[in-house]
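In order, the protein sequences belong to chains D and B.
Heads up, the first sequence is in this note's numbering, so the first residue is 1 and it goes up one at a time.
Heads up, the second sequence is in this note's numbering, so the first residue is 1 and it goes up one at a time.
Think of the hints as simulated: they come from the structure by calculation, not from any bench.
Virtual Cβ for every residue (Gly too), placed ideally from N, Cα, C.
Some clues are possibly wrong.
[Said to hold, decoys possible] Anything over 12 Å on all C-beta distances counts as not near chain B; from chain D, calculated:
no.	residue
1	11
2	26
3	65
4	72
5	80
6	88
7	122
8	157
9	158
10	165
11	201
12	205
13	235
[Said to hold, decoys possible] Straight-line alpha carbon distances no greater than 30 Å define the calculated BS3-like cross-link-like pairs of lysine-lysine that follow:
no.	chain 1	residue 1	chain 2	residue 2
14	D	200	B	58
15	B	21	D	64
16	B	177	B	187
17	B	187	B	229
18	D	181	B	79
19	D	200	B	229
20	B	79	B	21
21	D	200	B	79
22	B	229	D	181
23	B	256	B	278
24	D	178	B	75
25	B	187	B	257
26	D	178	B	78
27	B	58	D	71
28	B	177	D	178
29	B	256	D	178
30	B	58	D	64
31	B	161	B	187
32	B	177	B	161
[Claimed, not checked] Per label pair, the in silico range of CB-to-CB distance:
no.	chain 1	residue 1	chain 2	residue 2	range
33	D	12	B	261	18 to 24 Å
34	B	173	D	203	25 to 31 Å
35	D	133	B	194	33 to 39 Å
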Amino acid sequence: MIRDITLGQYYQIDSVIHRLDPRVKLGGTLLFIISLFFFQNVWCYLLAALFLAVVIKLSRVPFKYIVKGMKAILFLLILTVIFNLFLTPGTPLVTFFGGKVRITEEGLKLAVFMAIRLAFLIIGSSIMTLTTTPNNLTDGMERLLRPLRVFRVPVHEGAMMMSIALRFIPILLEETDKIMKAQTARGADFESGNLIQRAKAMVPLLVPLIISAFRRANDLAMAMEARCYRGGENRTKMKPLIYRTEDYLAYFCVALYLGAGVFLGRL
Amino acid sequence: MPIVLDHVSYVYEADTPLARKALDDICLEIPDGQFVGVIGHTGSGKSTLMQHLNGLMKATSGHVYFNGEDIDGEKYDKKKLRSRVGLVFQYPEHQLFEIDVFTDVCFGPKNLGLTQEEAEARAREALELVGLPEEVYRQSPFEISGGQKRRAAIAGVLAMKPQVLILDEPTAGLDPKGRDEILQQIKRLQTQTGLTILLVSHSMEDVAEYVDRILVMNDGRIMLDGTPKEVFGHVEELERVGLAAPQVTYIMRALKKKGLEVDVDVITIREATEEILKALQDRG
Ligand SMILES: Nc1ncnc2c1ncn2[C@@H]1O[C@H](COP(=O)(O)OP(=O)(O)OP(=O)(O)O)[C@@H](O)[C@H]1O
Ligand SMILES: [Mg+2]
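Work out the full structure, taking the sequences as your base and the hints as a guide.
Shown next as structure tokens:
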């Protein structure tokens, strides 16, 4: 039931995109997102759409699956469109209620661009998370942020915390599912009743869940200590990140995309 | 209240690359009052099957009938079903949450809409059945020992007075004494009240000792179904799917090879003792 959330979940399949170095994907996604905010004309958006389409095709993740994950933020999308549509000043196109509410030409344009921008942004970043395991992602992030260590930013610790947190999400979801079932078998009802009754019904779920989270955290800390974990200093990796030809090629493609964007933006 | 499964299949994570068939076309009938043991290799689908019996999981295809009614039918009262078919999960102690053991056991009966007094009476009865001493009733369920937690959790389901009791590995991680105690209490319950019991277990000895019928699961299917003697007669087939016959059966086979005239179908220690003594007497 709760496991249906696909946004940001890894999609297990083998593809060119899946095999890329996480640094490439992180950097590429970041550049792609930035490019979206500089693009002003239709050609640029067509370019971005083309770029996305090619990446999706290469990643072999079904488009349907990506869209399914987007349902969660559909509300946000609609809200943005409505605000832009009605609140942008400019030459009016249509007016309601004697001119009090109106849709302007600029507003319409902005709403459309904003919707496309947001949708591309989300699709772009979900492709990254769909094709990269959480571990790889944090590895890549740690490596990219490494220079910040000069300023005493605890990069390794941050990355470790993040990968543990990410690792725990599916475990806790599974645990929630299990406890929910166990309590349902004892006649608990999580679905009906008013707000207060429902909040009360959560107690038999939350107490065991929190206890189990603590238990797991404790076990994990023990296990890490038993294997002599002691932070990032002098620590080597079992699988160090190494760029391969494909990765350089991918960087080149991103650069090509940006170049084309700059060129089209001048039109 | 017989349970009938009609071509039940279940697929986890359907429509994703992780799709996995956990149950594959299961047909099954469990009559009233039977003590059924379910064995199978890890991941063979035992827990999945058990959760179909009280409507916690809905079959991807096929039907489950309880007392002749389809439990996934439109108007079927699932809550009532769950009070009739009690399910004790694997590691049930993880579901405890109340401030003390006694209140936790009351949770189930209270959900059935019983009054405080009735719920308490049932809780007391259930706690006695699982053999928990009175001094732990008012202790926090998080401060008692693992074995006591297990008993408290089983009591939580028993207090709902189900007609069918499903136990998913109730004795995993318990010491031998605690294991025997719990199983004996369950057996007594079955003979006294005519309860139907399904016991999932990894211990061939336990199953051989207590149940009337064994279901062997393998890869989402029911591979063997019969009395313990029948099932443990297929030693080679069991071994092929990572299971085994009880230890005594192997001893009897070895003895026979050595020339002692014993019956090799023996599955419990008690039977084995008798059989060996008889064989030795015959020898003179
Ligand atoms: N929540 C789940 N999501 C996806 N797959 C699952 C889930 N639960 C179980 N499975 C898969 O379904 C199959 C059957 O699992 P099940 O838990 O029923 O096995 P089991 O016989 O109870 O095993 P065990 O003896 O270890 O308890 C397994 O292959 C498992 O990987
Ligand atoms: Mg199981």
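Between residue 178/D and residue 75/B, is the straight-line Cα distance small enough, at 30 Å or below?
This hinted pair holds, its Cα atoms lying about 25 Å apart.
Non-interface claim for residue 80/D, where every Cβ of chain B lies beyond 12 Å:
Consistent with the label, residue 80/D stays out of reach of chain B, its closest Cβ about 30 Å off (over 12 Å).
Need the status of pair residue 181/D, residue 79/B: alpha-carbon distance at most 30 Å?
12 Å, holds
Hint consistency between residue 177/B and residue 178/D [alpha-carbon to alpha-carbon, up to 30 Å]:
28 Å, holds
Within a Cα-Cα threshold of 30 Å, do residue 200/D and residue 58/B meet the stated pairing?
26 Å, holds
Does the no-contact call for residue 122/D survive, Cβ to all of chain B over 12 Å?
20 Å, holds
For residue 205/D, is the shortest beta carbon distance to chain B beyond 12 Å?
Given a closest Cβ separation of 8 Å, the condition is violated.
Run the distance test for residue 177/B versus residue 187/B: straight-line Cα separation, threshold 30 Å.
Roughly 15 Å separates the two Cα atoms, so the pair holds.
Quick check: does the Cβ-Cβ distance between residue 12/D and residue 261/B fall within 18 to 24 Å?
58 Å, violated
Minimum Cβ-Cβ distance from residue 158/D to chain B exceeds 12 Å
30 Å, holds
Residue 178/D and residue 78/B were given as a pair; does the straight-line alpha-carbon distance stay at or below 30 Å?
Given that 30 Å is the threshold and the Cα spacing comes to 18 Å, the pair holds.
For the pair we were handed, residue 21/B and residue 64/D, check the Cα-Cα distance against 30 Å.
22 Å, holds
Hint check: violations occur at hints 1, 3, 11, 12, 19, 22, 25, 29, 33 and 35; the rest are consistent with the structure.
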